[in-house]
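Read top to bottom, the protein sequences are chains A and B.
Read in order, the letters of the first sequence are residues 9 to 591 in the numbering used here.
Read in order, the letters of the second sequence are residues 9 to 591 in the numbering used here.
If you are wondering where the hints come from, they were derived from the structure by calculation, not from laboratory data.
Incorrect hints may have been included.
Note that identical chains are pooled: a pair holds if it fits in a single copy or bridges any two copies.
[Unchecked claim] List time: in silico PhoX-like cross-link candidates among lysine-lysine, alpha-carbon distance up to 25 Å:
(1) LYS541 / LYS576
(2) LYS371 / LYS264
(3) LYS427 / LYS371
(4) LYS535 / LYS82
Source: prediction; values computed, not measured.
Protein chains: 2
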Amino acid sequence: MTDSILNNNKENGDGSVSIVPLGGLGEFGLNMMVYETEDDLIVIDTGFMLPGSDMPGVDLIFPDIRYLVERQEKIRGILLTHGHEDHIGALAYILRQLDVPVYGTQLTLAIARGRLREYGVLGKAQLNTIAPGDTVELGDFTAEFIHVAHSIPDSVAIALQTPIGVIVHTGDFKFDMTPVDGKLTDIQRLARLGAEGVLMLISDSTNAERPGQIPSEQSIYSPIDGIFQNTEQRLFLSTFSSSLHRIQQFIDLANKHRRLIAVTGRSLINNVRTASELGYLNVNPDYLIDARDASMFQPHEVMILSTGSQGEPRSALTLLAFDNHPFLNVEPGDTVVISARIIPGNEKAIGHVVNHLLKRGAKIYHERNANVHVSGHGASEDLKLMINLLRPKFFIPMHGEYQNLVRHAELAESVGVPKENINIAEDGELIYLTADSCEVLGREGRSGRVFVDGKPEFELEDIVLRDRIQLSEDGIVVPIIVLHSDTGANPDAAEGLSSAAPSHTALNTGEIEIISRGFVYMDESEKLIEKAKEVTRDVIAKMSDEQKHETETVQDGVRGALRRFFSKQMQRTPLIFPVVMRV
Amino acid sequence: MTDSILNNNKENGDGSVSIVPLGGLGEFGLNMMVYETEDDLIVIDTGFMLPGSDMPGVDLIFPDIRYLVERQEKIRGILLTHGHEDHIGALAYILRQLDVPVYGTQLTLAIARGRLREYGVLGKAQLNTIAPGDTVELGDFTAEFIHVAHSIPDSVAIALQTPIGVIVHTGDFKFDMTPVDGKLTDIQRLARLGAEGVLMLISDSTNAERPGQIPSEQSIYSPIDGIFQNTEQRLFLSTFSSSLHRIQQFIDLANKHRRLIAVTGRSLINNVRTASELGYLNVNPDYLIDARDASMFQPHEVMILSTGSQGEPRSALTLLAFDNHPFLNVEPGDTVVISARIIPGNEKAIGHVVNHLLKRGAKIYHERNANVHVSGHGASEDLKLMINLLRPKFFIPMHGEYQNLVRHAELAESVGVPKENINIAEDGELIYLTADSCEVLGREGRSGRVFVDGKPEFELEDIVLRDRIQLSEDGIVVPIIVLHSDTGANPDAAEGLSSAAPSHTALNTGEIEIISRGFVYMDESEKLIEKAKEVTRDVIAKMSDEQKHETETVQDGVRGALRRFFSKQMQRTPLIFPVVMRV
Chain A
9 MTDSILNNNK
19 ENGDGSVSIV
29 PLGGLGEFGL
39 NMMVYETEDD
49 LIVIDTGFML
59 PGSDMPGVDL
69 IFPDIRYLVE
79 RQEKIRGILL
89 THGHEDHIGA
99 LAYILRQLDV
109 PVYGTQLTLA
119 IARGRLREYG
129 VLGKAQLNTI
139 APGDTVELGD
149 FTAEFIHVAH
159 SIPDSVAIAL
169 QTPIGVIVHT
179 GDFKFDMTPV
189 DGKLTDIQRL
199 ARLGAEGVLM
209 LISDSTNAER
219 PGQIPSEQSI
229 YSPIDGIFQN
239 TEQRLFLSTF
249 SSSLHRIQQF
259 IDLANKHRRL
269 IAVTGRSLIN
279 NVRTASELGY
289 LNVNPDYLID
299 ARDASMFQPH
309 EVMILSTGSQ
319 GEPRSALTLL
329 AFDNHPFLNV
339 EPGDTVVISA
349 RIIPGNEKAI
359 GHVVNHLLKR
369 GAKIYHERNA
379 NVHVSGHGAS
389 EDLKLMINLL
399 RPKFFIPMHG
409 EYQNLVRHAE
419 LAESVGVPKE
429 NINIAEDGEL
439 IYLTADSCEV
449 LGREGRSGRV
459 FVDGKPEFEL
469 EDIVLRDRIQ
479 LSEDGIVVPI
489 IVLHSDTGAN
499 PDAAEGLSSA
509 APSHTALNTG
519 EIEIISRGFV
529 YMDESEKLIE
539 KAKEVTRDVI
549 AKMSDEQKHE
559 TETVQDGVRG
569 ALRRFFSKQM
579 QRTPLIFPVV
589 MRV
Chain B
9 MTDSILNNNK
19 ENGDGSVSIV
29 PLGGLGEFGL
39 NMMVYETEDD
49 LIVIDTGFML
59 PGSDMPGVDL
69 IFPDIRYLVE
79 RQEKIRGILL
89 THGHEDHIGA
99 LAYILRQLDV
109 PVYGTQLTLA
119 IARGRLREYG
129 VLGKAQLNTI
139 APGDTVELGD
149 FTAEFIHVAH
159 SIPDSVAIAL
169 QTPIGVIVHT
179 GDFKFDMTPV
189 DGKLTDIQRL
199 ARLGAEGVLM
209 LISDSTNAER
219 PGQIPSEQSI
229 YSPIDGIFQN
239 TEQRLFLSTF
249 SSSLHRIQQF
259 IDLANKHRRL
269 IAVTGRSLIN
279 NVRTASELGY
289 LNVNPDYLID
299 ARDASMFQPH
309 EVMILSTGSQ
319 GEPRSALTLL
329 AFDNHPFLNV
339 EPGDTVVISA
349 RIIPGNEKAI
359 GHVVNHLLKR
369 GAKIYHERNA
379 NVHVSGHGAS
389 EDLKLMINLL
399 RPKFFIPMHG
409 EYQNLVRHAE
419 LAESVGVPKE
429 NINIAEDGEL
439 IYLTADSCEV
449 LGREGRSGRV
459 FVDGKPEFEL
469 EDIVLRDRIQ
479 LSEDGIVVPI
489 IVLHSDTGAN
499 PDAAEGLSSA
509 APSHTALNTG
519 EIEIISRGFV
529 YMDESEKLIE
539 KAKEVTRDVI
549 AKMSDEQKHE
559 TETVQDGVRG
569 ALRRFFSKQM
579 QRTPLIFPVV
589 MRV
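Put together the whole structure using the sequences plus the hints.
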């Protein structure tokens, strides 16, 4: 039965809706949700994820979209909630494979365009600009876009009218009673939806574990104003390049304190330009200077906006910390404000940058020692308010690891959603929703992740990733075995076998050579390698002529013998990759 | 001048003291400090450090002790402040190279003995048990051991009487007005030392960035008591195996709530046994059961103490989370308390364990959602109290990254230590102290780190580590080139060249083969590999006969051509390791 739902959605014939999270339920990032009836399918958000340090050599992670490719004829559109990469970063990757219309607000699409251009799909992309309050009909679904406050302007929640009732998908949101751009989360509309009846709420769990309320974005204005007042030299401010409300406040403070504004870092320069052109940033161009000219002014006359709040290796702030920036530098007495969340996993990199800025004599402010950052995601009380406004019959938490989803489910229960109407689902599960029931059905290979290294056309197989992890643990050993092609025996010891260091191995006919990388320092491990050659020679000598003729048998034998040898001698398990040559 | 101080300490002839941090100033862990006069040298602490994820395949990091080996005739002793691994973990490694007496409290030495036995140096180790209040003469130094409260019992600070005055080295400490074992940080003695005059204070900076005071260890008793009261099924408690005050409170609560105690995890079993035998844990053996027998009792009759508070892969709690524990399991309705700090860098691993425990239906408490942990390191106000008690002339912050040291220096200034008498030093720098001056001299290769993979005799060279990092980023490519030994030309295309998958490569004479691991999935990259072979063939074809005879020239040419090819085609830079064979 599950299968038939998956494969042809016959079960949706009664007007039911299938909801399939392709990412973001069970992890942070990769946000992508499918809503599907018998005839129509829409997608909300197309996010990517940045890999952790347990995935060496992976640059990006995209959701696996085979589920969509198989259903492309019924896809009526991709709806974007806002312009953060964990919600739009996979759009270009997806539009390479699918020709479907995209709906998003002006700023969201402006940010998406950059990457679409880069990936060469901007020309064919069908981008439809919507505004909060707009309604779009997409087959069985009517999508209504509702403004929400978040750390990036022009963010929306989406209310989906479906044949069985209204589903509200919040996207990322907070309740900010004094937003920087004056645009509230549309609590009026949400309350009216709640009064009219909401069948299901699917809501952001990012901060479900945080008690209380998230303060207004404006709450950082006064602390940073104080920093401006106490800074007599240069002032560097770093935040995410998409945090435009934050950047607006920095600009307002620069105006107040009569500092000119220089911007460094590519993404920040692009976003400031785009957002100013579209009116999302209010900046007097007379006060903007080229960062190259910053040194022409007195230190107290300049504020520098910089990328690098997460300690990214090639970012402007990192270059400044290590005095590698092409035309700016941090001097003793300067002040640096890192106005962003310290994302778990980045603590070491950020700490490294902070340590080096301190060594340059700068004064540093960050979220751990000053009120210079506030989250864009509602905390427990905000999440309860959202549920109380909408009063949904069914509830599903999204955006977060399992523990965040569990906590959000507890919050929903605490404000009166019946426990049996709350479900925790994870990527690839199918949420089968009717007017009076909600059931979570098992995974059927619907979801997955695509690992990308370098260009997006170079997807990595799991096996390559596993090899990399093993390579990074203990390196690789390549025994090269030369056998007579007729006898299968080891030829006589070679004349003129190269005695050069293994990095310059040259083999003549005969003999066994062992090369390695990332395993041991060969110059100091001659004995070990000699012993390993002996082990290799011994295991081959014990083989019958028939066995010696089977390349795989020789390889398996050598691999096993060396694996045991290195494990016993050194408690290490390098990748062992025997090459058999026949002469 | 710096050099002569380093090399023969002539400059200490006037009774001055040189202080050399060999670890722990500029990082967390690796704590080790040298105090040295013209004739005598003592070492305080011998810690190790666990590697970050940026050091693949490294198991442990030890301080480089060449500075000590060169001076072994003047070493009068190693003094240990307490039994945590970041203070004693390198002792066995050091005693393999140096025969020197060791001084520590009963519990500290009991914990150290385990590893000394494991490393085969227990027999020759000269272990001297001291008690708080004791004084030991070590040449020019007289060391007085002063009790301090910390997360492990039997911790001491050390006051060193030297020819020029008293130096106080705090070790790790907190001020706990109601310690679990009733033993206060000896504020009386510290105050008296302050009254008599302290030349220099060297103090723990771990929590310098935390405002306020660290609460008493007993502050977690009541919240965990509440968890006991609300738990009807099994209760799992996880903490560091050395956190004996914490474990004592768990045991007391188990007694109060009539639960038997089962212990799982090797280090915890060892420490509970050792500490009970020595009287540091008060546990009624009648209430201890073998974890194997836990299932014989009702869920509410058992408390299980478990290792794994940091999500360590093979720890008991991780095995429980993934239902791999040999004889225990977590059932829906069970409760798990992780009563430990979530150490930065371990968040992902701990989150993984928490997610899976939640999926098993357990209720989880940890420091982020309940008051189940309190630090063993004093925060800002505690650090100020230590400085005010001792009123030192000079001040050096230790134990922490640069940012923590800077913050601690600011705290010292805020309570009246003259700014010019406060110095920030880092590993390997030499702190040159006289009765009325303190100067920090540059690094001269005095300090360093030793990376250990597997057994401690397998130290890793930097180059091996760098190779591993590159291997993990993009894998390895091994082109195998077979040339005629006389002509240097490519032989004719080989008969019978194996067409097997690259993992089963067999080469006959002639041809070029390319094998790789961790680079691309070979089965799907045939075209790419064919093109790479062409590139290889082309670069060799363009070489003169003379060049072809030079193995290194062939290798360099092939490496360069393939590097450019892969970089341009795929933006990747695998390790390229050409093997040249001559037939």
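Broken hints, by number: 4
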